[in-house]
Amino acid sequence: MSAANCPGCGAGIEFAIGSSAVVVCNYCRSIVARTDRGVEDLGKVAGLIDTGSPLKIGVTGKHRGRGFRLTGRTQLQHESGAVWDEWYAAFDDGRWGWLAEAQAKYFITFKTAEAGAPGYEELDLGMPVPAVDNMVVAELGRAVLASAEGELPWKPQPSTGYLYADLSGTENRFATIDYSEDAPLVFKGWQTSLRDLGITGVAESRSRVAVAKLSCTNCGGPLELIAPDQAERIYCPNCGAGHDIANGNLQFFAMLKKKKVEPVIAIGSTGMIDGHSYIVTGFLQRSVKFDVKYYWTEYLLYNRERGYRWLVESDDHWSFVTPVPAGQVTDGGTLESPAMKIGWNGKWFSIFQVAEAHVEYVLGEFYWKVTQGERVATIDYVKPPEGMSTEITLEGAREVNYSHARYLQPEEVEQAFAVHLKRPSTVGPMQPFSGPNLMGPWVILLMLLLMTAFVVKVTRSGRLVSHEIIDPAPTAEQPNGATFFGKSFQLNGNENVRIEASAGIENNWVYVEGDLLNEGTGVMESFELPIEYYSGVDEGERWSEGNQGRSVFVSAPPAGTYTTRYDVTWDPGKVPARIEVRITQGVFHGWHFILALIVLSLWPAANLLQRFSFEAQRWKDSDFSPSGLDRSGSDESDEEDE
Amino acid sequence: MKYLYTIFGLLVILGYGWIDLRGRELRQTKRGFVPQGLRSTQSGARSFWYRGYQGGK
Chain A
1 MSAANCPGCG AGIEFAIGSS AVVVCNYCRS IVARTDRGVE DLGKVAGLID TGSPLKIGVT
61 GKHRGRGFRL TGRTQLQHES GAVWDEWYAA FDDGRWGWLA EAQAKYFITF KTAEAGAPGY
121 EELDLGMPVP AVDNMVVAEL GRAVLASAEG ELPWKPQPST GYLYADLSGT ENRFATIDYS
181 EDAPLVFKGW QTSLRDLGIT GVAESRSRVA VAKLSCTNCG GPLELIAPDQ AERIYCPNCG
241 AGHDIANGNL QFFAMLKKKK VEPVIAIGST GMIDGHSYIV TGFLQRSVKF DVKYYWTEYL
301 LYNRERGYRW LVESDDHWSF VTPVPAGQVT DGGTLESPAM KIGWNGKWFS IFQVAEAHVE
361 YVLGEFYWKV TQGERVATID YVKPPEGMST EITLEGAREV NYSHARYLQP EEVEQAFAVH
421 LKRPSTVGPM QPFSGPNLMG PWVILLMLLL MTAFVVKVTR SGRLVSHEII DPAPTAEQPN
481 GATFFGKSFQ LNGNENVRIE ASAGIENNWV YVEGDLLNEG TGVMESFELP IEYYSGVDEG
541 ERWSEGNQGR SVFVSAPPAG TYTTRYDVTW DPGKVPARIE VRITQGVFHG WHFILALIVL
601 SLWPAANLLQ RFSFEAQRWK DSDFSPSGLD RSGSDESDEE DE
Chain B
1 MKYLYTIFGL LVILGYGWID LRGRELRQTK RGFVPQGLRS TQSGARSFWY RGYQGGK
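Heads up: the sequence lines are chains A and B, in that order.
Quick note: the first sequence, position 509, residue 509 per our numbering, numbers continuous.
Quick note: the second sequence, position 5, residue 5 per our numbering, numbers continuous.
Read the hints as simulated data drawn from the structure, not as lab findings.
Possibly wrong hints are sitting among the right ones.
Dumping the calculated DSS-like pairs for lysine-lysine here, alpha-carbon to alpha-carbon at most 30 Å [claimed, not checked]: (1) K574/A <-> K620/A; (2) K2/B <-> K620/A; (3) K487/A <-> K30/B; (4) K422/A <-> K30/B; (5) K105/A <-> K422/A; (6) K56/A <-> K44/A; (7) K30/B <-> K347/A; (8) K2/B <-> K260/A; (9) K383/A <-> K2/B.
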């Protein structure tokens, strides 16, 4: 520890950490650096902005088994005007850690000696950076030092800005490339939580300021800050006056320009989703323009432990949206050439729509400085009942945000927030098909049917029991018909009988009427076998119709001795053909199998048609087809493959 | 719905199996009867077929 006096005001200052570079004077806010010759005043910083941070200098914690103590912080201003805190953690082993805090998220990083980080101009959103463990660029922006306190491991220059790139990786990995010096500085670490850092006591003190009551500067109406430690902007629900939140005060900046849109879930309502309680802090109406403007609404939800979520309503379809770190998403596309599929959590999502979304109306409080007319590029992907959304900022700092959406049935939202909602009349992009998927049972039943058919086939004897040749000849008494009798034969029980007749006729016909008689019981089965066959050549093309053979099945006659009779009629002007009659017992009847297959398939076929119709309705408003084809004509997937 | 269809499908398969293993046909041939008196005579059945059944005495 070394003590000195502030060169700015003479007040006593103390360098408690041997490796710290500067101390910010508590009295005059001078940044005092220690040098070989003593101390040096680097200039003054503005007073601290109340960001509602639960952390403070002196707080201790542990990261991966190593203890640390917070010694100081800087406050950095984003291009949007929002301010975030970066705390400096002096570890027991002499290392320094950077603990950044923004939007209820915490990131702990450590300066690395890695060289070869690309220049700022070389980076683009969503781009993997090989020099930084292939993490992807999630944000590109410029920060300005706004304020500082305590002991810091570096020498900040008051009011100076620097460029930075935030990178996101798998398993909550996080990195920042800092362009404040000639060579880029790389800080690598993880997204974390106060609980993981062993900082628990401060979270309790934070909950004591959960709700702050303020008044609208325009209409005087009450404004309740639901998450005062996170809120950056609030719009009065009474008059639409927009306020920035700074140091616990409201600063009016603009009035809403559009007529009021009423949220169906009131701001301040609490609801349970997935077992967690969320409070509605804000409401947005957004739009995209194609042929006409299409509107949808979004409700910002807040849970102190889980952070922010969204409840999105479009055409009375609802979804629950969770932010996803960019590094966890496999996305090979860009805004100019979006990927046809992106991956997350082992699932692949198909592109549905690319659009530019505008904020039309806004109410309540938000963790960023939202404005009416704010524009972002959106790329939506679906895998019902889920979806992924990519939002790329088109103004200010360049940022890509991914989110995962899960379709909610209106009943789930009604139950969660005790509201009554309209039912959708269209098919939503993420809406799951409500009918059953009968393909699985159909395949199993088909296997069973095939097995049954196989058993039938192998157990049928297929025994030839009678083979008769009928050779009709016209007589004076019967010029075009005659009756013939067959020999007796034995039939078994429980087996069908097939009677086949064939005749070598050409442009002729023969008609056989027959009876199969059980000689024991006198029961006879009558059948008809009309045979006709015509063929020829017409305008050079050969044609034919009819058959030279015919068969009929008789349903399992009882076992016994049988005989047959055939009444044969033929064309009086022609010579009758010889007829061959074969009687077979125990024949596999293919039509029975086909009929069973048809009956078995009707239901799944209707189900499949219903599903196709549902999918057609889902994709009718998309610029893409389910296979990823751009309906404007070009096949983007080909480009992706290349 | 899946269970209902599965039960329906099983009934179809059972029906198919029963019909084919019992040698049944869905289309029945026309059934007639030749009296015992005619059948017991020599070529009785044949004479029945020639002349047709006259309905008793």
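Here is how each hint holds up against the structure:
Between K574/A and K620/A, the direct Cα distance comes to roughly 65 Å. Violation of the 30 Å bound is thereby established for this hinted pair. The straight-line distance between the Cα atoms of K2/B and K620/A is roughly 28 Å, inside the 30 Å bound, and the hint therefore holds. Between K487/A and K30/B the alpha-carbon distance is near 21 Å, which keeps this suggested pair within the 30 Å criterion. With a CA separation close to 62 Å, the supplied pair K422/A and K30/B exceeds the 30 Å bound.
For a cut-off of 30 Å, the pair hint linking K105/A to K422/A is broken: about 35 Å separates their Cα positions. In summary, the hint linking K56/A to K44/A is supported, as the alpha carbons are separated by about 21 Å, within the 30 Å threshold. Of the supplied pair hints, the one linking K30/B and K347/A is violated, its CA atoms being roughly 62 Å apart against a limit of 30 Å. Restraint check for K2/B and K260/A: the C-alpha separation of about 47 Å exceeds 30 Å, so the hint is violated.
As the CA atoms of K383/A and K2/B are separated by approximately 22 Å, the hinted pair is consistent with the 30 Å bound.
The structure is inconsistent with the numbered hints 1, 4, 5, 7 and 8, although it conforms to all the rest.
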